[in-house]
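As a plain string of letters, each chain reads:
Protein chains: 2
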Amino acid sequence: MPVSPQSYTRIVYAQPTKGLIDVKTFRAEEVPFDLKPGADEVVVRIDYLSLDPAMRLWINDGDNEFNYTAPVQVGQTMRGIGLATVIEAGENSGFSVGDHVSGTVGVTEYNTVKASTLTKIDLSERSQLLDFIGPLGHPGITAYIGLFDIGQIKAGETLVVSGAAGAVGSLVCQLGKDKGAKVYGTVGSAEKCKYLEEDVGVVKALNYKSPTFREDFVREFGKIDVFFDNVGGEILDFALTRLNMHARVVLCGSISSYTSEAVPFKNFSHVFFHRARVEGFSLIDQGHRFADARAYLAEKVAQGALKSKYHILEGIEEVPMAINMLFRGENNGKLVVKIAHD
Amino acid sequence: MPVSPQSYTRIVYAQPTKGLIDVKTFRAEEVPFDLKPGADEVVVRIDYLSLDPAMRLWINDGDNEFNYTAPVQVGQTMRGIGLATVIEAGENSGFSVGDHVSGTVGVTEYNTVKASTLTKIDLSERSQLLDFIGPLGHPGITAYIGLFDIGQIKAGETLVVSGAAGAVGSLVCQLGKDKGAKVYGTVGSAEKCKYLEEDVGVVKALNYKSPTFREDFVREFGKIDVFFDNVGGEILDFALTRLNMHARVVLCGSISSYTSEAVPFKNFSHVFFHRARVEGFSLIDQGHRFADARAYLAEKVAQGALKSKYHILEGIEEVPMAINMLFRGENNGKLVVKIAHD
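First to last, the protein sequences are chains A and B.
Counting in numbering that gives the first Met the number 0, the first sequence tops out at residue 341, every number present.
Counting in numbering that gives the first Met the number 0, the second sequence tops out at residue 341, every number present.
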């Protein structure tokens, strides 16, 4: 049974930044433990934090209408999605001490969280805890809704995934393959190409840093029915020239543009001429689809159709600079930070 | 009862062109009348031809994958949509001599046409013949499918229409207004602004040639729920900066890009960040929706909710150079050419 400590560490947003996060963007604060749950709250010990590209967006200027959600304010504990254990439960929270939960728990070792924002994790023999910030968590639900609801992928179609070795991308590849699509991916290293082709099982993966990337893309991938985009920028713009009639372009992420200016798009007119559909989405709007997504994903995990690779760091102080690893493509697998000491 | 003439004139595609149509692009040919219908065909006398921006696309290179349909080949009669009268009917055509029809009849005074490609016109007291290349014809069906099926407009939403004084645009404005949307338009002259505000009844129309167009757009239109685009290019790019969350951008036409190079888009990232949907469409794919569209439009015409203005030229020789009027914005109302002599 977890016990309350004397003090704990939290990561506070300290100073706005342009581009990548620097050493002054956040600060670690050790504070006395004084957390008490309200009637509809729980106090949790954070076990694992998920590092997501969206974290960079959460600290954009308050004026920036491009935020998914209300921005984190200077002085606040940084927002973060993770896995946690309930150490004290409010009387109307519906949770019990010892429950495993997932949700927006914050970049901190302990926190008080509204119970209604958390999901109880039912560990089975067929799943491991980390799956709940992987295929059974927000990356899996994102992949499911993006590929099926927005992308409307069908068996036999050509699916191209950018950022294909990422947490969401690698799940999209596997869901597409399982559905009978011909799956291709773009990534940022030869090592990731190998991972996608050998472990994930895509038909072909290409490194966008290769000087022959565009010729290779045309030759290897053919025309695209669904382009599942995690990167934005020049790769997305080029992909627009490769659309089949009635193609769907799923705008899931735009990691290339979170830390730099947007590039001009030369090929927008292809959307019109190919009677294609381009659609952005966020889980924020999709709560009504979570139950279906979770049921489908749990079944696929149980079948062994969805594999995940985790890149695990340790210690809450690692979080701020580790966010940059996502933008540099330095992670190999879903990037998580183990917070609670064993 | 119409009778066959000794000879007739047809407009033949003579020579590829870049940009606007010139005097060598087409030639008029007078040919002896030797038309006989096959069993499933009719011979028609063309009464009115509709001039549509898509005509410029139909004579693009055969290699150009941006064609809506197979390109017209040099030496062939130019493709054209119009109203016609059956003068001889094949035995299995389902038509009778004297029937009024609409369809792709060609830019010619007479033609042999597959009966299955034609629609019989049932003139009522509530409609005039020209309505069948206006609100009850392809412009009306385009407006209906684009605004309702693709755009999913709802009462109270803000609808901005580009090319709003055009054949499709002015119908979109009226359908939107009838549905309870707040409707705004962009056009290319002060005269068209006046027409839209006073006759069509939009809240506000703006001339894109005004030096204060962008400031005016921001101030007068507010944020957009549905942008119905007929023009493409810089106006579309700018409109992307004005999207509400979950906006729909209906790509119906791109008249600014049919005769010139596509401009780069600076604001594509707004689609992602506003979780918006951008979708191109063409009637080619929408045959299953025509019956619903026609029934709805006929009801609205009968109610007086859909008005149309026609800009009528006379004589088949006018067709080639008149196509350019669409690209120069010189037409006031739906541009049609009266072909048959009374």
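In short, the hints are calculated from the structure, not lab data.
Treat the hints loosely; a few may be bogus.
Unchecked claim - With a straight-line cut-off of 30 Å between C-alpha atoms, the simulated DSS-like cross-links for lysine-lysine are:
{"id": "1", "chain 1": "B", "residue 1": "K119", "chain 2": "B", "residue 2": "K208"}
{"id": "2", "chain 1": "A", "residue 1": "K265", "chain 2": "B", "residue 2": "K222"}
{"id": "3", "chain 1": "B", "residue 1": "K17", "chain 2": "A", "residue 2": "K222"}
{"id": "4", "chain 1": "A", "residue 1": "K113", "chain 2": "A", "residue 2": "K153"}
{"id": "5", "chain 1": "B", "residue 1": "K265", "chain 2": "B", "residue 2": "K181"}
{"id": "6", "chain 1": "B", "residue 1": "K178", "chain 2": "A", "residue 2": "K17"}
{"id": "7", "chain 1": "A", "residue 1": "K265", "chain 2": "B", "residue 2": "K306"}
{"id": "8", "chain 1": "B", "residue 1": "K337", "chain 2": "B", "residue 2": "K119"}
{"id": "9", "chain 1": "B", "residue 1": "K203", "chain 2": "B", "residue 2": "K193"}
{"id": "10", "chain 1": "B", "residue 1": "K265", "chain 2": "A", "residue 2": "K222"}
{"id": "11", "chain 1": "B", "residue 1": "K193", "chain 2": "B", "residue 2": "K178"}
{"id": "12", "chain 1": "B", "residue 1": "K119", "chain 2": "B", "residue 2": "K306"}
{"id": "13", "chain 1": "A", "residue 1": "K265", "chain 2": "A", "residue 2": "K203"}
{"id": "14", "chain 1": "A", "residue 1": "K208", "chain 2": "B", "residue 2": "K193"}
{"id": "15", "chain 1": "B", "residue 1": "K222", "chain 2": "A", "residue 2": "K17"}
{"id": "16", "chain 1": "A", "residue 1": "K265", "chain 2": "B", "residue 2": "K208"}
{"id": "17", "chain 1": "B", "residue 1": "K265", "chain 2": "A", "residue 2": "K265"}
{"id": "18", "chain 1": "B", "residue 1": "K17", "chain 2": "B", "residue 2": "K35"}
{"id": "19", "chain 1": "A", "residue 1": "K17", "chain 2": "A", "residue 2": "K176"}
Hints, one by one, checked against the model:
no.	hint	in the structure
1	K119(B) / K208(B)	41 Å, violated
2	K265(A) / K222(B)	25 Å, holds
3	K17(B) / K222(A)	27 Å, holds
4	K113(A) / K153(A)	39 Å, violated
5	K265(B) / K181(B)	27 Å, holds
6	K178(B) / K17(A)	45 Å, violated
7	K265(A) / K306(B)	38 Å, violated
8	K337(B) / K119(B)	19 Å, holds
9	K203(B) / K193(B)	9 Å, holds
10	K265(B) / K222(A)	25 Å, holds
11	K193(B) / K178(B)	22 Å, holds
12	K119(B) / K306(B)	22 Å, holds
13	K265(A) / K203(A)	26 Å, holds
14	K208(A) / K193(B)	54 Å, violated
15	K222(B) / K17(A)	27 Å, holds
16	K265(A) / K208(B)	23 Å, holds
17	K265(B) / K265(A)	9 Å, holds
18	K17(B) / K35(B)	36 Å, violated
19	K17(A) / K176(A)	38 Å, violated
Violated hints, listed in ascending order, are 1, 4, 6, 7, 14, 18 and 19; each of the other numbered hints is respected by the structure.
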